[in-house]
Structures are given as C-alpha cells and as structure tokens.
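Just so you know, the protein sequences line up as chains A and B, in that order.
Quick note on numbering: the first sequence equals residues 8 to 121 in the working numbering.
Quick note on numbering: the second sequence equals residues 107 to 218 in the working numbering.
No wet-lab data here; the hints were simulated from the structure.
Here the structure is a predicted model, which means the values were calculated and not measured.
Here a beta-carbon is modelled for each residue, glycine too, at the ideal position from N, C-alpha and C.
Treat the hints with care, since some could be wrong.
[Claimed, not checked] Pairwise CB distance ranges (calculated):
no.	chain 1	residue 1	chain 2	residue 2	range
1	A	Leu121	B	Ala176	40 to 48 Å
2	B	Asn202	A	Pro78	37 to 45 Å
3	A	Leu80	B	Lys163	28 to 36 Å
4	A	Asp18	B	Ser134	40 to 48 Å
5	A	Gln35	B	Glu121	25 to 33 Å
6	B	Asp133	A	Ile19	34 to 42 Å
7	A	Gln35	B	Gly122	41 to 49 Å
8	A	Leu121	B	Gly161	45 to 53 Å
9	A	Asn79	B	Ala176	37 to 45 Å
10	B	Glu162	A	Asp104	22 to 30 Å
11	B	Gln151	A	Pro46	16 to 24 Å
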Amino acid sequence: SAVISQKPSRDICQRGTSLTIQCQVDSQVTMMFWYRQQPGQSLTLIATANQGSEATYESGFVIDKFPISRPNLTFSTLTVSNMSPEDSSIYLCSVVDYWQGEQFFGPGTRLTVL
Amino acid sequence: GENVEQHPSTLSVQEGDSAVIKCTYSDSASNYFPWYKQELGKRPQLIIDIRSNVGEKKDQRIAVTLNKTAKHFSLHITETQPEDSAVYFCAVSKRNTDKLIFGTGTRLQVFP
C-alpha cells in the first residue's frame with residue numbers, strides 16, 4: 008500500500024491564526040481526501056482534493072474555512088483558517104489504492120487551538 | 107445523504123470469547139463496506155472489507171457479513187485477544203465516489 012506522511016504531526020495554535028497541513032504520498036494517486044476526527048468521535052469527511060481543480064466540499068464545510076490545494080498526484084494541503092477552539096481535532100488525509108480498491112489513512116495531524 | 111449507525115458503542119469481552127459489531131446504513135446504492143481498527147493515538151487501519159456482490163468474507167479470526175436486503179453488515183472477531191482492544195469503525199461508500207461515511211465507532215475491550 009501507499010506510504011502516506013503528514014506534516015506537522017501536531018501543533019498548538021492561537022485562536023484567529025491559520026495552520027496548513029501537508030499530505031505527501033509516495034506514489035501517484037487519483038483520489039485523495041481530508042477527514043476530521045474530533046476528540047473521542049468518529050471520522051467526518053471534509054472534502055475531496057481534486058488534482059488541478061477546486062476541492063469538492065461536504066455539507067457543513069466551506070472553502071473559506073478549509074482551503075485545499077492539490078498541485079499534483081502525490082501532494083495536497085489543507086489549511087484550517089481563522090481557528091477557534093472548536094477546530095481542535097485530528098486531521099487526516101487518505102488515499103485510494105486502486106490496485107487494491109482500498110482506502111488508507113495518513114498518520115494524522117493533532118491540532119489544539121487555545 | 108447516507109446515514110450509518112453502529113452498535114454497540116462499547117463492548118467488553120473475556121479473552122477467547124467472540125465479539126460482534128453491527129452497522130446499518132440507509133442508502134441502497136452503497137456498495138463498499140470496510141472496517142477500520144484504531145488504536146489509541148494511531149491512524150485508522152483497514153482490517154477487512156466487503157463489496158456488495160459478496161455475502162461474507164473471512165480473514166483468520168476476523169469475518170464480515172453483509173445483508174444487502176436488510177442494509178446491515180457485521181464484524182465478527184473470534185478467539186479475541188487483549189491486542190484486539192481498540193476502537194472499531196465501520197464505513198460505507200458508493201461506487202465511483204470512494205467517499206467513506208463512518209459509523210460512530212465501537213470501543214472493544216478484551217480482558218485477559
């Protein structure tokens with residue numbers, strides 16, 4: 008399966024600031040997603056990161072708050088903008104391995120907003 | 107949109123016993139049903155999955171069954187071991203989207 012890395016692994020930020028999270032894959036993938044996992048909760052899909060076009064956001068998530076870039080088939084970024092304590096979560100990227108038809112997750116970025 | 111319910115939310119079993127976790131979904135177009143295991147502080151790990159053209163799939167001590175008519179699928183773990191202790195999530199997706207909708211999770215504790 009693809010090897011997925013994320014940076015940073017964790018961060019503590021002040022409210023009102025922004026943080027950009029990077030997701031790097033060791034092979035080209037078509038589908039890449041961003042999920043949020045709030046403390047003690049399940050995973051919620053934020054958006055599909057589309058290569059060469061704007062991301063597709065799920066209900067409740069907007070581009071102004073979570074801008075996403077996907078410049079190529081191995082890399083994506085998620086920015087959490089104008090952060091508030093409610094944004095404290097783990098943010099995970101995932102990719103689909105089309106040879107196996109399975110979805111794998113990056114190690115996650117643990118964000119704490121004070 | 108799709109709604110996935112997962113039960114129970116917590117499950118405690120004695121080592122060697124079996125554990126069963128059940129999920130129900132609402133969208134009949136869903137056709138892919140993976141199960142993930144998440145240990146504390148770790149990423150979710152895919153442990154088994156099933157597609158809509160199959161009724162059951164087994165991998166050593168883990169099995170998944172699917173009832174498309176009733177729109178539910180279950181994870182079965184036999185001969186549980188303490189290292190099976192984790193949070194388990196079911197998920198569903200539809201053909202051509204790959205977007206996963208997750209259940210609420212089940213915290214499994216296996217006592218020695």
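Consistency of the hints with the structure:
1. Between Leu121(A) and Ala176(B) the Cβ separation comes to about 47 Å, which falls inside the hinted range of 40 to 48 Å.
2. Distance hint for Asn202(B) and Pro78(A): a CB-CB separation of about 24 Å, inconsistent with the stated range 37 to 45 Å.
3. In this structure the supplied range 28 to 36 Å holds for Leu80(A) paired with Lys163(B), their Cβ-Cβ distance being about 30 Å.
4. In this structure the supplied range 40 to 48 Å holds for Asp18(A) paired with Ser134(B), their Cβ-Cβ distance being about 42 Å.
5. Here the CB-CB span from Gln35(A) to Glu121(B) is close to 43 Å, at odds with the stated 25 to 33 Å.
6. For Asp133(B) and Ile19(A), the Cβ-Cβ distance of about 39 Å falls inside the hinted range of 34 to 42 Å, so the restraint holds.
7. The supplied range of 41 to 49 Å is met by Gln35(A) and Gly122(B), whose beta-carbon atoms lie about 45 Å from each other.
8. Between Leu121(A) and Gly161(B) the beta carbons are some 50 Å apart, a value that agrees with the proposed interval 45 to 53 Å.
9. Judged by the Cβ atoms, the range 37 to 45 Å given for Asn79(A) and Ala176(B) holds: they are separated by roughly 43 Å.
10. The given range of 22 to 30 Å is respected by Glu162(B) and Asp104(A), whose C-beta atoms sit roughly 23 Å from each other.
11. Between Gln151(B) and Pro46(A) the beta carbons are some 20 Å apart, a value that agrees with the proposed interval 16 to 24 Å.
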